[in-house]
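Trainee: Sequences listed follow chains A and B, in order.
When we follow my numbering, the leftmost residue of the first sequence carries the number 43, and every step to the right adds one.
When we follow my numbering, the leftmost residue of the second sequence carries the number 520, and every step to the right adds one.
Accuracy of the hints is not assured; some may be wrong.
[Said to hold, decoys possible] Cβ-to-Cβ under 7 Å is the rule here; a few derived chain A residues that face chain B:
#  : residue
1  : 50
2  : 53
3  : 58
4  : 62
5  : 82
6  : 83
7  : 87
8  : 143
9  : 162
10 : 194
[Unchecked claim] Here are the simulated PhoX-like cross-link-like pairs (lysine-lysine), alpha carbons at most 20 Å apart as the crow flies:
#  : chain 1 : residue 1 : chain 2 : residue 2
11 : A       : 88        : B       : 549
12 : A       : 84        : B       : 549
13 : A       : 152       : A       : 182
[What the hints assert, rightly or not] Per label pair, the in silico range of CB-to-CB distance:
#  : chain 1 : residue 1 : chain 2 : residue 2 : range
14 : B       : 569       : A       : 94        : 28 to 34 Å
15 : B       : 563       : A       : 199       : 42 to 48 Å
16 : B       : 563       : A       : 92        : 23 to 29 Å
17 : B       : 543       : A       : 96        : 16 to 22 Å
18 : B       : 579       : A       : 94        : 34 to 40 Å
19 : B       : 528       : A       : 199       : 38 to 44 Å
20 : B       : 555       : A       : 58        : 42 to 48 Å
To be clear, the hints were calculated from the coordinates, so they are not data collected in a lab.
Cβ atoms here follow ideal geometry from the backbone N, Cα and C, with glycine treated the same way.
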Amino acid sequence: VHDEAGFRAFVETNGATLLHAARLLSGDHHRGEDLVQAALTKVYLKWDRIDAPLAYARRALATGAIDASRRRWWGERPTEIVPDTAATDDMTSSDERDELRRMLGELPAKERAVIVLRYYCDQSEQETATTLGMPVGTVKSTCARALARLRVEAAATSGGGAA
Amino acid sequence: VSPSEDQLRAALRDGEGPGIDAGRIVSRAKARRRERRTRLLATAAAAVVVAGIGVGTGLVLANGTTNNNTSNAGRPDSASVASGNGAGGAGGTGSQASGSRAAASCAQSLPPASTATGKSSVGSLVTHPSDSVLLCGYRNGTRQLLVRDGRPVTLSLSGTQAAQVVTALEHAGEQAVPHNCPVTLENAGLVAVHVGSDPPITIDLGCGRTLYTDTVLKFGWQPPAFVEPFLSTVIAG
């Protein structure tokens with residue numbers, strides 16, 4: 043990579059959002075870190091050849107997360123000491139948001155990817171379709187299905203909480 | 520919980536942490552690139568080794584084939600079978616001079632040959648002159664090598680005598696000369712003349728003394744006098 047400084051600047055600028063998107067996509071703090079590192083490594087190796095590094099990185103994240111969901115997870119090993127996970131005051135204070143994040147984690151990988159790209163990365167349906175390599179119609183239907191599932195889950199949760 | 524799009528966005532943005540250490544990504548990517556290059560080099564080296572082994576094996580096999588061909592050519596029987604040119608069989612006896620044609624020998628039989636088809640009377644019978652000549656006698660009908668007293672009827676010449684025989688071969692006529700033919704010569708014998716590395720020249724000792732190779736046909740061979748005793752033996756069968 044001739045423009046290593048450019049890559050570093052890109053990571054400084056977009057690293058936080060990419061890492062968070064990776065955590066949302068994988069549903070796990072550490073897998074998210076692995077996912078973003080793998081995606082950014084791909085970006086670095088192709089840095090001189092890609093025109094839109096952010097779009098490339100998001101595509102790498104989404105496809106990486108979907109692929110990982112398809113195969114058995116061999117990277118995980120049982121351990122006696124559970125590692126600390128990052129937690130913020132906001133997370134602990136917001137039960138509703140926690141609940142939504144939990145429900146998001148229960149969605150199928152493709153639906154989760156659509157939701158994250160549309161509502162976290164603020165991509166349009168067309169951009170989401172390009173990133174995931176699927177037709178716009180499929181993005182629309184997948185997104186609608188995912189939102190419906192979240193609403194049903196949310197209603198069930200709130201109903202259960204009321205009872 | 521009623522997840523509107525705004526709530527969803529807020530929930531998703533909740534908990535955004537600090538950025539990533541770019542240096543770690545760069546060092547990891549460089550290590551990955553090194554590993555990829557090493558793997559690529561190893562694959563290329565393996566391919567080169569496999570190709571080298573393939574080429575080497577091919578060359579060895581090719582050399583083996585060449586050597587076999589060479590050794591077959593050196594074996595009189597094989598050459599005689601393969602070429603049908605009569606360059607095989609037992610070594611000649613009754614020779615007057617050994618000369619340098621030790622390798623040439625008489626085949627046990629002459630292959631059947633037409634005296635006219637595809638042949639031209641223009642051209643030379645001898646393309647590779649040699650200082651030695653071997654003549655082998657054959658029966659006309661069976662085309663088998665003549666044997667007298669347990670020995671093949673052959674004549675080996677060298678030096679001046681060989682040169683005279685070659686000259687006589689070259690001076691054979693291009694057209695048949697009509698003449699009266701005695702009955703005794705109608706089924707006279709055949710002679711195969713080995714000169715140098717050329718295919719043997721077959722001479723029909725019958726009327727007209729026709730000479731031919733695979734490509735050339737000539738007539739009226741007039742041999743030197745010192746060959747006549749040998750020819751008489753062949754004609755007598």
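Trainee: Now tell me if each hint is right for this structure.
Mentor: A quick look at each hint next to the structure:
For residue 50 (chain A), the interface hint holds, since its Cβ comes within 7 Å of a Cβ in chain B; the closest pair sits about 4 Å apart. For residue 53 (chain A), the suggested interface contact is upheld, since its CB lies about 4 Å from the closest CB of chain B, less than 7 Å. Taking 7 Å as the C-beta contact cut-off toward chain B, the hint placing residue 58 (chain A) at the interface holds, the least distance being around 4 Å. Hint status for residue 62 (chain A) relative to chain B: holds, with the closest Cβ pair at about 5 Å, below 7 Å.
A distance limit of 7 Å between C-beta atoms decides the matter here; for residue 82 (chain A) the minimum to chain B is near 5 Å, and the interface restraint holds. Among the interface hints, the one on residue 83 (chain A) holds; its C-beta lies about 4 Å from the nearest C-beta in chain B, closer than the 7 Å criterion. Using the Cβ-Cβ criterion of 7 Å, the hint placing residue 87 (chain A) at the interface with chain B is satisfied: the shortest such distance is roughly 6 Å. For the restraint placing residue 143 (chain A) at the interface with chain B, the shortest Cβ-Cβ distance is roughly 6 Å, inside the 7 Å limit, so the hint holds.
Because the beta carbon of residue 162 (chain A) sits about 4 Å from the nearest beta carbon in chain B, less than 7 Å, this interface hint is met. Using the Cβ-Cβ criterion of 7 Å, the hint placing residue 194 (chain A) at the interface with chain B is not satisfied: the shortest such distance is roughly 10 Å. Only pairs whose Cα atoms come within 20 Å are accepted, and residue 88 (chain A) paired with residue 549 (chain B) is accepted, the gap being roughly 12 Å. For a cut-off of 20 Å, the pair hint linking residue 84 (chain A) to residue 549 (chain B) stands: about 11 Å separates their Cα positions.
Between residue 152 (chain A) and residue 182 (chain A), the direct Cα distance comes to roughly 12 Å. Compliance with the 20 Å bound is thereby established for this hinted pair. For the pair residue 569 (chain B) and residue 94 (chain A), the beta carbons lie near 41 Å from each other, so the given range of 28 to 34 Å is not met. Roughly 58 Å separates the CB atoms of residue 563 (chain B) and residue 199 (chain A), a value that falls outside the hinted 42 to 48 Å. At roughly 26 Å, the beta-carbon separation of residue 563 (chain B) and residue 92 (chain A) lies within the given 23 to 29 Å, and the hint holds.
Distance hint check: the CB atoms of residue 543 (chain B) and residue 96 (chain A) are about 19 Å apart, consistent with the given range 16 to 22 Å. For the hinted restraint 34 to 40 Å between residue 579 (chain B) and residue 94 (chain A), the CB-CB distance of approximately 56 Å leaves it violated. Checked against the given bound of 38 to 44 Å, the beta carbons of residue 528 (chain B) and residue 199 (chain A), roughly 19 Å apart, lie outside it. At about 28 Å, the CB distance of residue 555 (chain B) to residue 58 (chain A) disagrees with the hint of 42 to 48 Å.
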